[in-house]
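Trainee: Let the sequences and hints guide you as you build the complete structure.
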Amino acid sequence: MSMIKYIFQRILLMLFVFAVIMVLCFLLIKALPIPIEATGTAAETIRQRYEALGYYKPVWEQLGILIKNIFTKWNWGVSTRVDQWAPVTDVVADRITPTILINVYSLIISVPLGIIFGIFAALKKNKWQDHVISTGVMLFISVPSFVYAFLVQYILAFKLNWLPAICASLNDAGNSWFSWTMFKSLILPVLSLSFGTIAGLTRSTRAELTEALTSDYMLLARTKGLTRAQSIWRHALKNAMVPILPGIISSFVGILSGSFIIEAIFAVPGVGRLYITSITLRDFDLFIYVTAFYTFIGLAANIVIDLSYGFLDPRVRMGSKK
Amino acid sequence: MSDKNMKKFDKEAFTFVNNDRVLTDVKLDTKPVGYLRDAWNRFKKNKASVAATVIIALIALFAIIAPWCTPYKINQADGYYKQVRPKVSPSAKGLWDGGYNQDLNDSGYIALQAIAFAALDKDGTNKVTWDEATNYQYNPVAKINKTFETSSLVGSESKTSTFRNLHIDSYYKVGFVYVNGLSKEQYDSILAWQTRTGKQVIYPIVDTSDPVVFPESNRNDANEGNYWYAMTKNLTPLYPNDPTNLKAGYHEMTLEEVKQKGLWALYAKDYARDAKDDPYYYGIDGTALSFSNVAGATEFRDVQGNLVFRSVRTGDVITYFDGEGNRLNTLEGATAIFRNADNTLAGAIISSATYFNAEGNPLTAVTEENGNVEYFDAANQLVYSYNAQSEVYSDALGNPLRVAQANGNVFFGDADGRLIGLIFSSRSAYDQDGNPLTVQMDGTDVLYLDGVGDVVYKYVPSTKRYYGADGAEISPYAGLGATYFGDASRRFVGFISKLGDQDGRKIITVRNGDDILYQLEDGSVEYRYIAATSSYEDGSGNPLVVLNDAGNCFFKQTDGGWKALTFETLYKDADGNVFDVATQNGTTTYSLGGSTVYSFRNRSYYDASGNKLNVLSRGQNRYFVSESGVLIGGLLTSGVQYHDADGNLLTEERIFVNNSGNVVPAGSTGARLAIIRYSRGGSVVYTYDALNKEYFDAEGNELTQQPSGGAYFVNGQNRVIAGIQAPVADQIKMADITTSGEGGVFKNYRIRVLYYNYYQYLNDHEPVFVLGADSQGYDILVRLAHGCRLSLILAVAVSLINLVIGAIYGAIEGYYGGAVDMVMERITDILAGIPFIILVTLFKFHLVDTGRVSVLGGLLFAFVVTGWIGTAYSTRMQFYRFKGQEYILAARTLGANDFRLMFKHIFPNALGTLITSSVLVIPGVIFSETSLAYLGIVNFNGTNTTSLGTMLNNGQAAGINKFPHIIFFPALILSLLMISFNLFGNGLRDAFNPSLRGTEE
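As given, the protein sequences belong to chains A and B, one line each in that order.
Residue 99 in our numbering sits at position 99 of the first sequence, with consecutive numbering throughout.
Residue 15 in our numbering sits at position 15 of the second sequence, with consecutive numbering throughout.
To be clear, the hints were calculated from the coordinates, so they are not data collected in a lab.
A quick note: this is a predicted structure, and the numbers were derived from the prediction, not measured.
Hints are not guaranteed to be accurate.
As the list claims (entries may be wrong) - Pair by pair, the computed Cβ-Cβ distance ranges are:
1) A:Ile-67 to B:Leu-831: 19 to 25 Å
2) B:Lys-962 to A:Leu-139: 57 to 63 Å
3) B:Asp-487 to A:Ser-169: 47 to 53 Å
4) B:Ala-832 to A:Gly-310: 19 to 25 Å
5) B:Lys-464 to A:Ile-67: 23 to 29 Å
6) A:Ser-169 to B:Trp-96: 35 to 41 Å
7) B:Asn-763 to A:Ile-305: 55 to 61 Å
8) A:Ser-250 to B:His-167: 49 to 55 Å
9) B:Met-877 to A:Gly-310: 15 to 21 Å
Stated by the list, open to error - Reference listing, derived: stretches of chain A covered by chain B, where coverage requires no fewer than 3 residues with Cβ under 8 Å from a Cβ of chain B:
10) 48 to 54
11) 142 to 149
12) 229 to 237
13) 270 to 279
Unchecked claim - Here are some, though not all, of the chain A residues that point toward chain B, as calculated from beta-carbon distances under 7 Å:
14) Met-3
15) Ile-21
16) Thr-291
Heads up, the beta-carbon is just placed ideally off N, CA and C, and yes, glycines get one too.
Mentor: Okay, structure coming up:
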């Protein structure tokens, strides 16, 4: 029962923090002047539409209207610069598929690979395989993802011409996000995104498994008569995985925010690029909506990670306090 | 033994049994080692960390010292050497020789060789052989990598062409450029430098007058200096068929031919001499004018020193005043101005726009200084006026005029652009009874009001929903191919659709000859379609109107009735009479009273007799309408008219010839403009030869055209009353003389230079960019060093500030605990929840864009606002761990206050982790800064500043496949920095906390 109460408390707290952040962002963003990029009668038309949308009312009134609109109609406003007068929810909904696609593909590749590499490195600890993998991990963690993206793009796409350099447009790929052409053009961005995640997972898996392998219960398992493989599979791995799983969830969030750059390099029409565009073009409603989106995901992921710790590790559940 | 023996012992009886000098109790001579020294010992053993430290030190050293090692400064950019490749030294060969590989066909190969030809040809005699050119130092082609043939489809035949993969030196490739605006002193000093060093800088000027051998597209091209030989517009070299008779034409050369005969040079024929000593401008009466710049204005005085003209420049506009200070009307749009040998004005052809009103009567436009225009008719009465500031047209009495909207209206004009007719469209709304509704906008919503002013319908475009008078949503009937009918007064009667009629009854379609009957199940005819008139009737024979116009909506009521919102587009003529519009077989006819006025088919309009009508382009025309949409006037621009210098109108006559030289009408195939004749009162005044671009007077003498650089002033009748004519320049071989400048020295030289040598004249060293140049011509080495400096300083500053703030915050949190801790934790939660990009963006918008803080400051703020959270957290952890220890309790009992306890006792435990985490912050900051600059959110680009991320962004923009060196070096340095800092941080962590070694997080 206290578990439910705890979850409930956490969720309330998260909503409170979310609300505070959103109000803060809203106030700060509305304090900026609204640019009108036209002259003469066109400017007048635009100004009238802005007025109809309520941009010139006092900030508190706008906040009230926005909250009312969100809760009664799920109307977050219209995008004024990116997609003329289209509702913001539509604009984002159009672009969310490629972002989710890239992130999911990247997770599918990197999680198994990362864990396998980590296990391999831990098993062959201090031998040459371990050193190779550790060096690789160090390289891939330190260097930013866009350096790899540029390298991969230059070598694989421009020099060797094996894969297309940028993401294919929806038209070319036969109007479906799941066609083969689209997939081929997404390979490079997914690869660039995965490097960092694979390296991180490898590192943490290796560390956890090493610690598990040197613990007492492993010695007991071996003396009991289990073979090395059996003892590792049945005992060490399960214990080592416990901190890894929350790490996977947090790497999902990390990929989501890291995909900004990859989307910009490979011209993927996703939410990250939309976000950057809304910032540079000062499209306020879109900015608020995408900010809310990312903030919410970040905070929700925090809760899920915390709860998953409790879920997976009975020691935490039993309440060992800090 | 006796007692007395016991009392006396001889000293010699005693011998040392144990006389060791060596003590077995060795004194411990290892001193106690301090915390930091201990860590340092451990750190030294970790080879990777030591290597990383060395690399970091090297990069920091590079960042500090590199700017002194190159001759370039950070703000020095050379526009011609944009994007050149890295070159270690002027004579480098091999990897870093400033070259790149490119596939070129024959013409491209010849074009590069031509640079060497021209460089060797110092006096323009063109006696250079192919081999000499190939082996010359200035030849951009360093090496031919391989030759291959490709075939391509040209039209329907396939053509093979030879391609060569060449290794081209990007420095020599620049070749020759034109340099303008040199003074006589500068020109002389270049000549002196040439003699002193023996390196030729100034090369012969090219004669660019013949468009056959010097295509117009080559003029003002970036490579113009290299186009010194006869070529087509595809750069294929041309050679005269008969070198002694150039009128015999030219043929294209193959590579073999070029090797044998060389290229045909186009150097200007005159030899170098000083330009005519002509310092004066001239009035149109031939008086010489000298000019000087006085207090921001330019004054023109005659030889006696009287002020004749004065000019003031504001922005792009130059205003002229006469000697008394009266403003002069500058002539705009002169086609040609002619000048006599004695510098008097010989004549002019001046163009101006013509205006008509809607009836076709010409109007004259008079523009005032503030931009307002007034239009007068032939009787000099004001007809229209235009206010430039409010952009409003008014009639003669000052009433504002409504300009007709362009959409849907068609205006017909005659060949001179006079309005002869129009079709004017307007869209009206009706309800289900045929009553008209007024349309009104409420924000983005559209309201339809009835005659009393009540809202009948409301339409919200963003949701595409309709609302009734009570505000409730109403949904339109989803047609399914329905045909809607109304009676003669547009009252909604009903419809037929696949689902039945308006009452839901099933409709049976029955053919009756050519007509179609729509019957109900009981056999009664509800509607009838008459094929002969293409119209519908109801069962009783009353004619019906089809209401299928776009946008029509029909709303079914709960009581079975129907409400409707229909639209009708009406077409009217100039007097407001409504056309009857009918479409049949692809032809739309507009009729009045039964007779067709206009018809439209095949995208053209025809009048009643079937003649094609000329639709007036709307761009400059303005049509004025009344409230009800009736045309009340118009202001039409059509074409230009010409007049001479006295303001007399000239008639223009254009003569076209075809290829065989016969006169043909304009617009026929193969017609080419040959001659334009300007006549006044029937006799030809000027003739223009389009082929040779020359003007002739009435007697056939060639007229000298006035060069640009002067100004002419007209009075109200368009007569040229005064002018400032620029001096005429001589074309000389080595340099062009253009006029400008101050006082009596009026010469500015325009020369063609070999840029490699000119660069050495300017900078005293050969151009060598060790890491290449970026897209604007900056040296990458210097920029990289400055970028490293900026990034490193930013990172270290952020790290230190975060360390201090985080440590203090975490110490207070951890020490006091309880409510203080909870509140502070909540604050950290909120701050931590804000995504970083938002922070950066908000700071950028509020502080940087408004100019209050520099870009660096804004970014620093953003980092500092949330960066300390991690440090605070780990400090807090440490405090919780050590707070309960007994020595703390002991110290408190002894009377230590809070502050002393916090910072002298508990805090040093955390020192190790703190230092490690603050060092590890540095690569994080560098990474964030590079990402933000790369995405373009933060921009450090300036002539004096740059950062690593900005350089990466520039490299990305330049194109990785074409200029990889621009992105490669910053990426390399960035990667090295990040890896080294991470290894360094790992080493530190192992050194300070050996118990954590191996867990790595």
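Trainee: Compare the structure with the hints numbered earlier in the document and write down the numbers of the violated ones, lowest to highest.
Mentor: 2, 12, 14
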